[in-house]
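Peer 1: As a plain string of letters, each chain reads:
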Amino acid sequence: MTPVLESLTLIIESVPQILMGFGLTLQLLFLSGILGLILAILLLLMRISGSAYLSAPAMVYIYVFRGTPILVQIFIIYHGLAQFEAIRESIFWAILREPFGCGVLALTLNTGAYVSEILRGGVLGVERGLLEAGAALGLSKRHRFIHITTPIAVRLAIPAYSNDVISLMKSTALVSTITLLDMMGYARIVYAETYAPYEVFTSLMVIYLLMTWIIQRAFGLFERRMSRHIRQ
Amino acid sequence: MDVLTGWWDDFFWGSVVVVQVFFVALILMVLFGLIGAAAKLSDNKVAQKIASGYTIVFRGTPEILVLLLFYFGSAIALTSIAQIFDPEIKYLDIPPFWAGSFAIALIVGSYATETFRGAFLGVDPGQVEAARALGLSNFKTFIYIQVPAMWRLALPPFGNHMLSLIKDTALISVIGLEETVFIAEQAMGTTGKPFTMFILVGAIYLSFSTIITLSVMRMEKYANKHLEVSR
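Protein chains in written order, with this note's numbering: chain A, 1 to 232; chain B, 1001 to 1231.
Careful: at least some of the hints might be erroneous.
[Claimed, not checked] Listed next, the stretches of chain A that the computed footprint assigns to chain B, with coverage defined by at least 3 CB atoms under 8 Å from CB atoms of chain B:
no.: 1; stretch: 81 to 88
no.: 2; stretch: 169 to 175
no.: 3; stretch: 179 to 193
The set of hints was computed from the structure by calculation and includes no laboratory data.
Bear in mind that the values here come from a model prediction, so they are computed numbers and not experimental data.
Quick reminder that beta carbons are idealized off the backbone N, C-alpha and C, glycines included.
Put together the whole structure using the sequences plus the hints.
Peer 2: Following this line, the structure appears as structure tokens:
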């Protein structure tokens, strides 16, 4: 066989094998994406609460999780937590015993820190005049937050948030270091069998690029919908 | 802390490796970013296409994938080139230090490309026109007018790129670079105290991040000192 044909057959053979990990990659993305968003909203509310007892811990949390590599966070949770007997005997062990649980937990804690900063940027970007107008109309602080701040902040935060979903997707590839078989994990197996890094890893690259493109398009459409009152 | 006895020097040298990778990658990252930005801003269609291909690919794929592709790919290429000269050679690879630094510089450089491009576009065209009117050459305009002005705009995102670089250094342990994560994995095996080891690694990286954040804040203050209100 000519080298080109050989490469093509390798690519055609490896893509279905890599795609066996697609489900796991998606599960990690969606689970930690949603849980991370909930965590981010909690952190945001703590930060803008005005109470130092709430905002200081949130700031420390965000600082620590944004200042350390996600790989280290994954290893602390996967390898590290088992060091303590209290954790091994607690009810959480059912989740933390599994690499999947550790992966979701690490990704959630990490993305939560980044997303809460993005949401805060959105909240701070809301025009003061609108809130003053709300106050003049007699809306309470809570009503102003729900009906004025939230919709505008969401629209302002979408572009940055979509970037963060893409980095979350990229981070999911790191769970292959804790024995999980996501697409990256399968690609590493195929590579170990074939020693063909170009064919295997480039195929995987194309798959990830397609996912990035889909995420960008989806958020682009969402942003268009959220700002439909502005266009004309 | 007793478990760490005997490991302190290993973690120290691991941190030195982190710093070395950081500086090598930083220089390469600025280089890639400037070349990418220059290509995107040029009138050459081909250069524009290549640069946008570069940013799309490296911003849309996981860092670890780029790292593995680069490391194993370069090993195959290098081995086959070496075999032309000496068929005895079985396996050659680029040292993880250089392969890793190059790979993370390429990744972060793709983000820096966008930053630099935006910063150059953000320079007031009036200033460039004024420089031309004063008779400054293209090169002098670039060095004395455009670079100082774009630098101010680029600094805050550039600080984030430096943070990404230092954090991506941890990934290079996957291809065998003996930095702190790699040391912690070894220490975990012999001491059975993974939590202690990885928390220490986290603390090391957190202090590096803090140093970078503080220096960027100082640099921003310096870059904007002419904009401060005089007292």
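Peer 1: Test coverage of the stretch 179 to 193 of chain A by chain B using CB-CB distances below 8 Å; three residues minimum.
Peer 2: Holds: 4 residues of the stretch 179 to 193 of chain A have a Cβ under 8 Å from chain B.
Peer 1: Please verify the coverage claim for the stretch 169 to 175 of chain A: does it have three or more residues whose C-beta sits within 8 Å of some C-beta in chain B?
Peer 2: holds (count 6)
Peer 1: Please check whether the stretch 81 to 88 of chain A has three or more residues whose CB lies within less than 8 Å of a CB on chain B.
Peer 2: holds (count 4)
Going down the numbered hints, you'll see the structure goes against none, and every one checks out.
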